[in-house]
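Visitor: Chain by chain, the residues run as shown.
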Amino acid sequence: MTEKKKTTIVLFSGDYDKAMAAYIIANGAAAYDHEVTIFHTFWGLNALRKDEHIPVKKGFMEKMFGKMMPKGANKMGLSKMNFAGFGPKMIKDIIKKHNAVPLPQLIEMAQEQEVKLVACTMTMDLLGLKQEELLDSIDYAGVAAYLADAEEGNVNLFI
Amino acid sequence: MTEKKKTTIVLFSGDYDKAMAAYIIANGAAAYDHEVTIFHTFWGLNALRKDEHIPVKKGFMEKMFGKMMPKGANKMGLSKMNFAGFGPKMIKDIIKKHNAVPLPQLIEMAQEQEVKLVACTMTMDLLGLKQEELLDSIDYAGVAAYLADAEEGNVNLFI
Amino acid sequence: MTEKKKTTIVLFSGDYDKAMAAYIIANGAAAYDHEVTIFHTFWGLNALRKDEHIPVKKGFMEKMFGKMMPKGANKMGLSKMNFAGFGPKMIKDIIKKHNAVPLPQLIEMAQEQEVKLVACTMTMDLLGLKQEELLDSIDYAGVAAYLADAEEGNVNLFI
Numbered sequence: 001m002t003e004k005k006k007t008t009i010v011l012f013s014g015d016y017d018k019a020m021a022a023y024i025i026a027n028g029a030a031a032y033d034h035e036v037t038i039f040h041t042f043w044g045l046n047a048l049r050k051d052e053h054i055p056v057k058k059g060f061m062e063k064m065f066g067k068m069m070p071k072g073a074n075k076m077g078l079s080k081m082n083f084a085g086f087g088p089k090m091i092k093d094i095i096k097k098h099n100a101v102p103l104p105q106l107i108e109m110a111q112e113q114e115v116k117l118v119a120c121t122m123t124m125d126l127l128g129l130k131q132e133e134l135l136d137s138i139d140y141a142g143v144a145a146y147l148a149d150a151e152e153g154n155v156n157l158f159i
Numbered sequence: 001m002t003e004k005k006k007t008t009i010v011l012f013s014g015d016y017d018k019a020m021a022a023y024i025i026a027n028g029a030a031a032y033d034h035e036v037t038i039f040h041t042f043w044g045l046n047a048l049r050k051d052e053h054i055p056v057k058k059g060f061m062e063k064m065f066g067k068m069m070p071k072g073a074n075k076m077g078l079s080k081m082n083f084a085g086f087g088p089k090m091i092k093d094i095i096k097k098h099n100a101v102p103l104p105q106l107i108e109m110a111q112e113q114e115v116k117l118v119a120c121t122m123t124m125d126l127l128g129l130k131q132e133e134l135l136d137s138i139d140y141a142g143v144a145a146y147l148a149d150a151e152e153g154n155v156n157l158f159i
Numbered sequence: 001m002t003e004k005k006k007t008t009i010v011l012f013s014g015d016y017d018k019a020m021a022a023y024i025i026a027n028g029a030a031a032y033d034h035e036v037t038i039f040h041t042f043w044g045l046n047a048l049r050k051d052e053h054i055p056v057k058k059g060f061m062e063k064m065f066g067k068m069m070p071k072g073a074n075k076m077g078l079s080k081m082n083f084a085g086f087g088p089k090m091i092k093d094i095i096k097k098h099n100a101v102p103l104p105q106l107i108e109m110a111q112e113q114e115v116k117l118v119a120c121t122m123t124m125d126l127l128g129l130k131q132e133e134l135l136d137s138i139d140y141a142g143v144a145a146y147l148a149d150a151e152e153g154n155v156n157l158f159i
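Residue numbers (the working numbering), protein chains in the order written: chain F, 1 to 159; chain B, 1 to 159; chain R, 1 to 159.
Hints were generated in silico from the structure; no laboratory data involved.
No copy labels: a pair is met if it fits in one copy or bridges any two.
Derived BS3-like pairs (lysine-lysine); straight-line CA-CA distance at most 30 Å:
1. Lys130 with Lys92
2. Lys75 with Lys116
3. Lys58 with Lys92
4. Lys58 with Lys130
5. Lys57 with Lys116
6. Lys96 with Lys80
7. Lys116 with Lys130
8. Lys97 with Lys130
Bound-form chain F, shown alone:
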């Protein structure tokens, strides 16, 4: 009878701090027994990349994008005070010092809590990202699937 509350997040941003905020809200909502979906699109897809190089066949442009974009959550930059890569180090030091949870572990927690992690197939295609390059056990879908979740959602955010 009682329906689960739903939270959906579009993670568009490829910034470490914004992705942290997204995953903290997602994990919080999952702990409160919401059904949670994070729909990763554009630069947000980088949070789902494996951190090693995966050899896949790509066109020239797609290879360039692949090289220029961060390989996984741990390599992402900050939206503010990035200081040519020094900012993320500062944030990570301070996360460790305050016993907070760094982004890669937040993503693992989300997977353990059965937050649905979705990669947007249209932007994967645009940026030349292949399924082999992304984390295991994630979903693949387009904007229609996102909207189906969001229109039933209690909390819908674009980050």
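Could you slot chains B and R onto chain F? The hints should help.
Guide: Relative to chain F, chains B and R alone:
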């Protein structure tokens, strides 16, 4: 009896990629028979600018803003990897290669699907943008009109 | 019997223009008799900082963050066209010229309208911000309190 679902998007950002995401979601929602409003405010107004120079009387500051801001969707930069204007060219090439839809056509599609495109009058005033400089057949309104739509909305996003 | 509509905003951004948008929507919603909460997290906390130096005991990293981040709404930069700090001056001049309301006054208005201003305790801890450094009569809470508000919300935005 059955009420239409509503989607509202505040498009604050003047970035090509973020505006693309906004219009893809909007067009998707319209295809699913939602009533959709995109409320363009601050830099998001640039997506609605005509791409030619429109001679209108303005103060000095307003003229400067007018010159510095992109004239229309096609001139907008990227939120990431803009590379002094090279990034948008890359994205446009890749959009063409993958038969995806570039931003100006996404905006046309939205207009054909009767997505309500609104320009925020308060920020038009601030940035010195005149109705003559913006696309035809759009609406003009303030935050009150936005809230009236959003409070009935199923999906409300700020982009 | 009739329940108040609810609006919640996560203010993640530390940009003057984005914070303006957040507070304009919040003040509008409060004027329409919504219950409004702005949950300030990460760089959005800077909007709540007092503009003077408050002597508090901090570690080295926390001191550095404290020094590098803007002290209060009036010191924040723009998300676009910041021009090494010249942009905010332009926006403020143009706000004055058009009799619009600058950010510090928007925050005061929000407090007068009983918009609930919340500082995220987890990110305060991360960035080393102390209650003494933030505005008086604000609330302190975590993601759980945010979600409790948002899941009842009609309009939930992430800015």
